[in-house]
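Trainee: What follows is the residue order along each chain.
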Amino acid sequence: MITSLTVVLIVFFLFKEGIGVFNKKPIEDGYVVTINKNNPVKNISSESIKDIYDQKITYWNQLGGTPDSIILFRLEDISNYYTDEQIGENFEGLANCINRLVDSLPNIIAFFPEKYLAPDFNGHNLNISKITLSEFLIGKEWFPTAQPVAQLGVMPLILGTLWVSLGAILIALPLGLAAAIFMSEIAKDKVRNIMKPLIELLAGIPSVVYGFFGLVVIVPLIQKTFDLPVGETGLAGSIILAIMALPTIITISEDAMRNTPRAVKEASLALGASKWQTIYKVVIPYSVSGISAGAILGIGRAIGETMAVLMVTGNAAVIPHTILAPVRTIPATIAAELGEAPNGGLHYKALFALGCILFIITLFINLTVGFISNKKKHNNH
Amino acid sequence: MKIKTILIALAISSSGAFAQKIKGSDTVLPLSQKEAENYMKQNKTAKITITGGGSGVGLAALVDGTTDIAMASRKMKMAEKIKLQNAGKAVRETTIAYDALAVIVNPSNKVTQLTREQIEDIYTGKIKNWKEVGGDDITITVYSRETSSGTYEFFKEHVMNNKNYASSVLNMPATGAIIQSISQTKGAVGYVGLAYLEKDVKALKVSYDKGKTYTGPSMETAKSKTYPIIRPLFYYYTASIEKSVKPFVDYVLSAEGQKIVEQVGYVPLSK
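Chains as they are written, first to last, in the working numbering: chain A, 1 to 381; chain B, 1 to 271.
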C-alpha cells in the first residue's frame, strides 16, 4: 500500500515538474530580445535567433528583411558604444543608453536583462513563444544553456536511448538465452555450479566500473576494429549494457527453464524427440513467460542505465544515423546536467520532462511484453 | 527512541556556533576541502562541511538558505540573481582563485599551436580536419565538458566568442574521461584545467592576438596572465551572514590560503 502510494507520488511529482517546461519561454528568465522599431522583421523564430547569435544568419534579408548585415548586441558590448560615465557607476544610465542605441541602429538585435528595459523603450520587443509539445518532441537541437534562446529538442536524445537499448537487447538476448539453455539443459552440475555464481557476480559489479572498463577497453577496440575517428559510439554503449543485462536475463530464464516438469521433458524424449527438439519444442515454450520477464528486466536495466552509458557513448546530441556514431541518451543527459541546472528554471524542468518521456517508454515496454507473455500463456494451456 | 534523542542532541551540540556549510562547484571542491582542513587545524572551534554537486546546486542552496557559502566556477546567472533578490538576500561575490584551461590534443598530433579563432572554428564545427590548421589529414574529434558545467560555459564565452558548440561535439562527464579519451584518440582535441595536465596528452600553445605570440599553459604563464584562457573561481554568500563566514573567506584570500591554491593546482590571485 505504502509502496504504491510512494510510486504514485513520485510519478505525480515527475509529471508536475516536467509539464512545467511548457509554461516557460525558452529565453533565460529576466531577459528580453529587442530590435529596432523600423525593422520590417517583426517575428523571429527561436531557432533563427540562435543562428543569428551564432553568426550563421548575418543578413536581415535571410529573415525577410532589408539586405543589411545584422548588428549583434549583448550587454557586455555596451562599453563599445558608451563611456562609463554615461552608463553610471551603478548602471543607472544603462537602460537609457540601451534605449538610445536600439533606436539609433536600424539593424541591431539586442539581448539584455529586462530590468534595463527603459519604461519609454522605443524598440520592438520580440515575442518569444512558449515551447510547444511538438517542438519539444520533434526538435533536433539540444542546447539547453544556449543564449539568448535555449533549444530544447529531445529527438536526438530519444533516438539515442532507443538505439543503444535496442542494440543492447539484440546482443544480450541471444547470448543470454543460449547461456540459459546451456546451463539448465546441457551443462553438468559441476560446470553449472561454477558458472552460476560467476554470472551472478557480473550483476554485482558497480556500473561505474563497467563504464571505466568500456572507456579503456571497448572504446579503443571499436575504434580500431571499424577504423573510426572516434570510439565513443552507440555500439560501445550497447555492448556494455548487454554485458550488464546478461546476468538478469540468464538467471531468470534459466530458473524458468529448470521449472519445466521432468515428466513433460521425459514424455517428449519418450516420443522420440531429440534433445534439441525437446529444448525448443517443450522447454522454451513452457518457460516463455519467465524468459520474457528476464527480457523485460534486462531492457529495463538497459534503458535506465546511466553511469556506464554516460562514460562510453560520447554524449553528442546529434540524431544517430548509424550505431557507429556518438549518441546521447536520456538518463545520461539527466545525470550530467541536473546538478548544474538552476533550480526550478527552464533547463531543470526540461530535464524532468525528459524523465517523464523515459518513464513512458519503460511503462510502454513493460505493458507490451507483459501483454505478449500473458497471451502466450493462454495459448499453452 | 532514547538513543535517537541523544544522537540528535549530540548532532545539534556538536554543530556549534561556528558550523559552516559550503556547497557547489566540483571544480572548486578540492580547493575548498584543502583550505577548510588547514583552517580547522588552526581554529579548533571552527567546523566546516563541504559538499559538491555543481555550481547550480550550490547557488540554489544559497537561495534556499541551506548553505552558507556557494562555490561557483561561473558567474551567477541573471535568473539566479533575480531569485536571490526575490528572497530578499543581498549577495557578496569573492574571487578566490583562478583556473587556467589548457587546450589539449593527442601526443601524436603534429599541431603545437592554435589561434583563438581556429579553436573557435574547431568547436563550432567549421574546421573539421587537422590539415586545415597545419596537421595531418585526420578528422578532428572534438571533446567538451557537459553543457551545464561551469567550464563549458566559460569556454564558450571566453574562447568561442559566445557562439554555440556544434552539436556533434562529444560531451564527457568528467575531466578524467576527457584525458582518457584524448590519450587514445588520434584526432582528438579537448580542454581541461591546468591542474589536470599530464603527459598522456599534449597542451597546445594558444594565441589571442591572431597568431603574433603563442603562449603555452603553465603555472608561470598563468600567474603572469600571459596565458589567455584563465577563469575566476567564486565564493558567493549572503550579506546577512557576512560576519560568520568572513573569517574563512579571509583565510582563503590570505597569503597562506593562496599558497594552498597553488598547491592544489589553481592559480593564486596576484597581488
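Simulated from the structure, these hints should not be mistaken for lab results.
Treat each hint with caution, since some may be false.
As the list claims (entries may be wrong) - Quick list of in silico lysine-lysine cross-link-like pairs, BS3-like style, CA-CA up to 30 Å:
1) K128(B) - K89(B)
2) K110(B) - K89(B)
3) K56(A) - K199(B)
4) K140(A) - K199(B)
5) K128(B) - K210(B)
6) K34(B) - K199(B)
7) K110(B) - K163(B)
8) K140(A) - K128(B)
9) K246(B) - K75(B)
10) K75(B) - K140(A)
11) K224(A) - K131(B)
12) K75(B) - K224(A)
13) K115(A) - K223(B)
Trainee: So, for every hint listed, does it hold in this structure?
Mentor: For each hint, the structure was consulted:
1. Of the supplied pair hints, the one linking K128(B) and K89(B) is violated, its CA atoms being roughly 47 Å apart against a limit of 30 Å.
2. Restraint check for K110(B) and K89(B): the C-alpha separation of about 53 Å exceeds 30 Å, so the hint is violated.
3. Proposed proximity of K56(A) and K199(B) is contradicted: the alpha carbons are some 38 Å apart, above 30 Å.
4. Distance hint between K140(A) and K199(B) is unfulfilled; the C-alpha atoms sit about 38 Å from each other, more than 30 Å.
5. Our distance criterion of 30 Å between C-alpha atoms is met by K128(B) and K210(B), whose separation comes to about 20 Å.
6. Using a Cα cut-off of 30 Å, the hinted pair K34(B) and K199(B) holds, with the two alpha carbons roughly 25 Å apart.
7. Straight-line distance between C-alpha atoms of K110(B) and K163(B) comes to about 27 Å, which keeps the hinted pair within the 30 Å bound.
8. Between K140(A) and K128(B), the direct Cα distance comes to roughly 21 Å. Compliance with the 30 Å bound is thereby established for this hinted pair.
9. Taken as a hint, the K246(B) and K75(B) pair is honoured in the structure, with Cα atoms around 20 Å apart against an allowance of 30 Å.
10. Under the criterion of a C-alpha separation no larger than 30 Å, the hint pairing K75(B) with K140(A) is consistent with the structure, at around 29 Å.
11. For the given pair, K224(A) sits about 22 Å from K131(B) by alpha-carbon distance, which is consistent with the 30 Å threshold.
12. The suggested pairing of K75(B) with K224(A) is violated, with an alpha-carbon distance near 42 Å, which exceeds 30 Å.
13. About 37 Å separates the Cα atoms of K115(A) and K223(B), which puts this hinted pair outside 30 Å; it is violated.
The earlier numbered hints that this structure contradicts are 1, 2, 3, 4, 12 and 13.
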